[in-house]
Amino acid sequence: MQSVILRARLESALGERIPSPFTDLDRRVFESVPTGIAPLDALMGGLPRGAITEIFGPRSSGRTSAMVSILTEAAASGEVCALVDGNDAFDPKSASEAGLELQRLLWVRCRKLDQVLKSTDLLLHGGGFGRVVMDLTDFPLSNVRSIPLASWFRFQRTIEKTPTVLLVMSSESVVKSAAALVLRMEMRCAEWSTILNGMNSNIEVLRSRRGKIGRGKIQVRLVNSLFCTSKKGNSLV
Amino acid sequence: MFACIYIPNASGDTAAALLNCASAFSPRVEKTSAGTVVFDVEGLERLLGSYPEIAAKVAEQARAAGLHANVAVAANAEAAICAARGFGGISILNRGTEAARLRDLPLTVLSPPPEILETLERWGIRTLGAFATLPAVQVSERLGQEGVKLHKLAHGTGVRPLVPHADAMRFVEVMELDYDITTIEPLTFIFSRMLDGICARMRSRNLATHEVRLALGGYARVLNLPLPVRNPRLLTKLLILDLEAHPPGAPIRRVELEAIPAKPRTVQNGLFVPLSPEPEKLELTLARLKAVVGEENVGAPEVLDTHRPDALKVQTFGIVGKERLHVVAGFSPRSLSLRLLRPSLEATVQIQNHIPTWIAFHGVHGPISTASGPWHTSGDWWRPNMWDREEWDIEVADALYRIYYDVHLDRWYAQGVYD
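Top line first, the protein sequences correspond to chains A and B. When you line the first sequence up against the numbering used here, it's residues 5 to 241, in that order. When you line the second sequence up against the numbering used here, it's residues 242 to 660, in that order.
Note that these hints are calculated values from the structure, not bench results. The beta carbon of each residue, even a glycine, is placed where N, CA and C say it ideally should be. Be aware that a few hints might be false.
Example chain B residues on the side facing chain A (calculated, C-beta under 10 Å, incomplete) [said to hold, decoys possible]:
id, residue
1, 248
2, 251
3, 428
4, 431
5, 438
6, 441
7, 519
8, 537
9, 579
10, 634
11, 636
12, 639
13, 642
14, 660
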């Protein structure tokens with residue numbers, strides 16, 4: 005009985021400032037954006053806006069190709085993207101040949117981890133970017149693990165009411181519970197003929213808070229279009 | 242009605258004072274010559290009284306500015322000019338009486354070309370009245386169009402629109418400091434105050450700036466903006482960030498700021514416009530990013546039109562339109578991408594039958610399970626920075642790499658990893 009009285013008093017005290025202080029907020033409708041990888045979009049419904057997506061995996065697992073595909077989709081729809089390149093490893097030529105409109109991409113070339121964190125923070129606070137990619141793949145794992153969990157939650161809080169997708173790429177999962185979507189990638193096999201034709205990768209959904217399903221696994225084939233167009237005369241061993 | 246202020250033998254300073262004097266009465270002021278200004282006084286009756294009163298106030302204004310000027314008011318600008326040049330003190334020419342009032346004035350008040358003046362003097366014509374009595378057709382035959390124009394002026398009927406004088410607007414603020422400043426931080430307050438004034442003046446004229454010039458004694462910086470802005474806080478932050486990146490080498494005693502005016506940006510926003518940063522905020526974000534990673538490391542990548550490996554430049558990033566940009570034809574949405582190792586890492590490679598079979602570089606070593614190549618690429622042989630290499634794709638320890646053999650250096654390098 006006392007709790008009812010207390011509740012009534014609080015409601016009258018808060019008055020017009022907060023009309024219904026004890027009513028749950030309506031659940032937000034979360035928008036998703038396509039990745040450009042059709043099987044993944046069919047499985048997940050795309051990447052959630054206003055949340056962190058993490059893609060991790062070892063070398064040659066297809067992480068960078070997935071990132072370029074995501075950026076290509078965003079740029080094709082007219083959105084502006086930013087790439088915080090942790091170790092200055094981005095290859096604009098292969099991204100361009102994958103269809104990425106480079107003029108819609110802000111490329112921030114970093115060399116140190118603190119530069120990556122500061123730059124990402126500035127970009128997220130600046131706002132207006134459809135996708136912000138934070139590439140941590142080439143940093144030693146000990147350095148990446150040293151990023152405090154609070155930083156990830158701060159990033160998540162910064163973008164949660166914006167349409168920005170923060171994509172974190174690393175060699176192992178570092179964002180932990182701050183990520184709304186976690187994808188693990190690994191190479192199944194490379195396709196060789198006389199040249200490197202491409203490779204097959206597995207994409208495993210480890211966590212999806214807003215997607216259609218919680219977990220799942222798909223296979224994608226990545227084509228080596230660079231070599232198909234530019235190389236002639238070759239041999240395979 | 243038009244008023245004219247005339248000072249014989251006016252100097253440059255006097256001309257400026259004349260303009261100021263006329264500008265106090267009308268925004269439409271024509272600087273006819275160094276000592277002559279004409280301005281529109283139509284509609285001033287309600288404010289200042291009759292035209293003789295207006296003329297008296299103009300003369301008083303000129304006197305207050307230290308000018309001993311003739312003032313004339315007439316129905317057209319040319320008649321006012323002639324009257325001011327011909328009569329001393331104040332003269333009012335009512336509408337329709339111009340010809341009668343001007344008839345005794347010498348021809349020199351028309352400022353005719355010397356050859357026409359000489360011809361008229363040979364004819365015995367010395368006053369406007371005498372000139373006005375000549376038949377217009379014969380004047381035209383003998384003196385041409387210039388003569389016809391002067392003939393109309395002699396009648397006091399010249400009609401032409403005013404050509405208002407437009408001062409080149411400068412938005413400058415200068416501050417002499419009492420003591421030297423050796424750090425950047427105190428400049429924030431100084432810039433903020435100066436830019437507040439400049440931006441307020443620009444706002445009153447509906448202008449913005451796309452270029453701010455800063456002079457700190459002998460040290461100068463120019464802040465170029467991709468779009469016109471007039472937000473003093475934004476400009477202050479941009480200037481401070483620019484100075485932090487390029488600090489002056491000496492203590493600061495004098496600060497001068499000039500904003501180059503431009504038309505402000507007008508944008509029609511739409512409900513379905515794709516997401517993009519606000520231009521003003523983007524400029525600030527870019528400036529801050531440049532302070533973190535360096536100016537050359539922030540921008541939009543551009544692939545150069547050459548076969549040289551990793552040939553690119555970073556250009557200034559700006560918001561591009563909604564339209565689809567140029568995309569390489571035949572692209573695949575799921576293409577295998579390359580991650581580059583910048584600079585390429587030197588590798589130790591073992592070869593059997595001209596094929597690499599084992600490799601070691603920077604934490605990666607082991608037998609090469611598959612290798613594809615070589616592809617020979619070279620170029621710019623006539624330049625010192627030529628390249629000549631044989632590229633291979635290899636698979637080592639479940640990872641795909643691109644390596645190359647530098648023909649000239651006789652060394653192997655790891656160029657990147659497929660990912």
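Evaluation of the provided hints:
no., hint, verdict
1, 248, "58 Å, violated"
2, 251, "56 Å, violated"
3, 428, "22 Å, violated"
4, 431, "26 Å, violated"
5, 438, "28 Å, violated"
6, 441, "27 Å, violated"
7, 519, "6 Å, holds"
8, 537, "8 Å, holds"
9, 579, "5 Å, holds"
10, 634, "4 Å, holds"
11, 636, "6 Å, holds"
12, 639, "6 Å, holds"
13, 642, "8 Å, holds"
14, 660, "4 Å, holds"
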